[in-house]
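Residue numbers (the numbering used here), protein chains in the order written: chain A, 1 to 407; chain R, 408 to 814.
Keep in mind that the hints were calculated from the coordinates and are not lab data. What you are looking at is a predicted structure, and each value in this text was computed from that prediction instead of being measured. Where a beta carbon is used, it is the ideal one built from N, C-alpha and C, also for glycine. Keep in mind that the hints are not guaranteed to be accurate.
One-sided excerpt, in silico: chain A residues whose CB lies under 8 Å from chain R [what the hints assert, rightly or not]: (1) P18; (2) A19; (3) T35; (4) P159; (5) V175; (6) A191; (7) V192; (8) Y195; (9) A336; (10) A385; (11) A403; (12) A406.
2 protein chains.
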Amino acid sequence: MLLTPDSLATAQRSLGDPALDYPLLPPLTTGCPRTGTEDVAYPLELDYAYDKVDTAALFAPAAARTGLERWAPLLPPLLAPGLGEGATPLVEIAPGVHVKDESRNPTWSHKDRLNRCTTSAALAVGARGIAVASSGNHGASAAAYAARAGLRCVVFAGPDLPPAVDSFLTAYGAVVLPVPWEARWPLMRQAVERYGLHPVSNLTATHTGHPYGPEGYKTVAYEIFQDVGTPAAVFVPTGYGELLYGVWKGFTELHRLGLADRVPRIHSCESAAGAPLATAIGRGVPAARVEVGATSAYSIASPVGGYRGVVALRESGGRALTLSDRQLAEARAELARNGLWAELSAAAGLAGLRSLDASELPDDGPLVCISTSSGFKDREVGRRATAPVAPEWPEVERRLRAAGLAD
Amino acid sequence: MLLTPDSLATAQRSLGDPALDYPLLPPLTTGCPRTGTEDVAYPLELDYAYDKVDTAALFAPAAARTGLERWAPLLPPLLAPGLGEGATPLVEIAPGVHVKDESRNPTWSHKDRLNRCTTSAALAVGARGIAVASSGNHGASAAAYAARAGLRCVVFAGPDLPPAVDSFLTAYGAVVLPVPWEARWPLMRQAVERYGLHPVSNLTATHTGHPYGPEGYKTVAYEIFQDVGTPAAVFVPTGYGELLYGVWKGFTELHRLGLADRVPRIHSCESAAGAPLATAIGRGVPAARVEVGATSAYSIASPVGGYRGVVALRESGGRALTLSDRQLAEARAELARNGLWAELSAAAGLAGLRSLDASELPDDGPLVCISTSSGFKDREVGRRATAPVAPEWPEVERRLRAAGLAD
Chain A
1 MLLTPDSLAT AQRSLGDPAL DYPLLPPLTT GCPRTGTEDV AYPLELDYAY
51 DKVDTAALFA PAAARTGLER WAPLLPPLLA PGLGEGATPL VEIAPGVHVK
101 DESRNPTWSH KDRLNRCTTS AALAVGARGI AVASSGNHGA SAAAYAARAG
151 LRCVVFAGPD LPPAVDSFLT AYGAVVLPVP WEARWPLMRQ AVERYGLHPV
201 SNLTATHTGH PYGPEGYKTV AYEIFQDVGT PAAVFVPTGY GELLYGVWKG
251 FTELHRLGLA DRVPRIHSCE SAAGAPLATA IGRGVPAARV EVGATSAYSI
301 ASPVGGYRGV VALRESGGRA LTLSDRQLAE ARAELARNGL WAELSAAAGL
351 AGLRSLDASE LPDDGPLVCI STSSGFKDRE VGRRATAPVA PEWPEVERRL
401 RAAGLAD
Chain R
408 MLLTPDSLAT AQRSLGDPAL DYPLLPPLTT GCPRTGTEDV AYPLELDYAY
458 DKVDTAALFA PAAARTGLER WAPLLPPLLA PGLGEGATPL VEIAPGVHVK
508 DESRNPTWSH KDRLNRCTTS AALAVGARGI AVASSGNHGA SAAAYAARAG
558 LRCVVFAGPD LPPAVDSFLT AYGAVVLPVP WEARWPLMRQ AVERYGLHPV
608 SNLTATHTGH PYGPEGYKTV AYEIFQDVGT PAAVFVPTGY GELLYGVWKG
658 FTELHRLGLA DRVPRIHSCE SAAGAPLATA IGRGVPAARV EVGATSAYSI
708 ASPVGGYRGV VALRESGGRA LTLSDRQLAE ARAELARNGL WAELSAAAGL
758 AGLRSLDASE LPDDGPLVCI STSSGFKDRE VGRRATAPVA PEWPEVERRL
808 RAAGLAD
């Protein structure tokens, strides 16, 4: 087994029963085999030799921007070459309100942090390629990291694959297979089982995803901590809850390592059209499945939740916020007014913050909203074209006047 | 006059005659008034109190990612709020070949480094807004920085504005005015003169652009130097030559400050469809105008060159490389195979490197190609859609087999 020497990862640990652990390889991509039931699949996470972490070295100022490898001790072995993922900026858009702009990643979404880790797992098990079910950011990111690692990539996309995302996936050489939504997981599972592809997205009835994936998201917490210390609260766009869990786990580790004196509240920000996590919390169950109504927030509107989100909310005291498309659009507009063009789903973090009354917001530290992805990925992009202007000054002046720019 | 205390900028200096200098404000956006002729407009750059630079502090490892302000002493006063621009990664795609991925900026192109500086100038002169002529990255970046600074933005776009770029510009609240190419500069000049808009793109017959703009691009050189020291050569996608000049100037400053022992060769990489810089070099003139043939490289295919490019090539011993669309497409494909989806124009740096024989490449240091922007910005994006797949395993297997993934 090839491992990078820097990783202190020791085992896969079950979220279904934290007393249960398994070797690091092979990654248990269908959940914890001993705790899963017919109704719920429990994910795994990684455990580390935390007592061996050199925190001073790990959090020292960095000379060069090196991607996730700078956090290698607290990540799975990073066998797959990187693309300089992570190290995204925090942009303060209002006093004490910071946006962590994940559109600065290699494929312009947070998913790159996950795929650096999952593609590494695919190399570790000698897979010929990876498979992913996605109509957007996850697929594109998987395709990029597979290309970089010399692996093939098969993307089981939804039938509603936005044309620009199709171009995006195809550019990296991925095999794109648009199939009906309900057929994606069963077909992907067959491809995985029959042809030795390594799955980097979910295969189970409630979401487990890949055990290595959310580990990559922990680095979001490390970076926030380096930039502003421990925030009072973090608002996370939430689909399956992997980012939510990763951010929570990262802060938990900072606390465990004696670097942070507390763990912030981590709030989930789901589309109101579905919201399996809010549903699970409401029902008091480990994971829920829901019907998804009409929404443009295609990146977070998930019919399937998972146990990770429940753990992150319960342990951090976070709330399960749900946002309408109108609230998402208002938050997206607020981001744009501040120079950040985000995908509708990516604005869920800020929408979640804005959905609370001022009295509900803690005042003992900065508030951080994660913005996961760029505005280029929305479906309506490119559908509207500004009418040409006659190339004469009076017409230009008329337009400027209409915009309040000439008086 | 408001100035940030950190800036050591002292004056505007003429490139037409470096003995001529002018106060920092107002920015001379129509070139050096004393050296320009009917044929050539000479740009200005900024001079600094180089003897006051604390190089040890300036190049110390950084704890947080703070955007261009970390280089504030060697930049114009940064009055406009930032978006965490810069600090983009170098990705090694072949032994000794590094790609500086500028698509990691706030609006996913290098232009953000320029617009942080030019928008700061607009604030310094109390402008009500900015104006820019652009059908792509420059316009979007200007729109974002204007929004962030609370300024209006008017974009004089070409008639061929890609629909996705239209969405991009509009999202930030810019006033978009698509007009015929030849009408853009005259109309923008009128808007600037009549309504107090500050121009952040060119207004002159040969290119001068904004004096503050290329100063922002110097930070590309600083970052490369921090990451890999002084490269043997840098290959720069070249339209008007502002990025080319900025990168050259940045390395020149590092040499002047005693940090680097030499200045690398800086090669310009133009579209063969136009190539005003190669034309100027061939003719031995300070700047040329050319006819632009058919090309998809819309971001770099410029009919107008400027003197900055001539200076950068002459002083660094760089070559004026010209690339066909086929060469650009091959370089774009090589980048994608390495996980980087670039705009066609953005691949010009790598295309330039690949256009040289191995014997022509220096071996005394790393080779760096700048990739300026993301693949989302090409015109053909979203035009092709992958055909849906019947949701049955035999059909999926057939597709996998066709892709060489099932055997």
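Check the structure against each numbered hint from earlier and tell me which ones fail, lowest number first. The structure breaks hints 1, 2, 3, 7; every other hint is satisfied.
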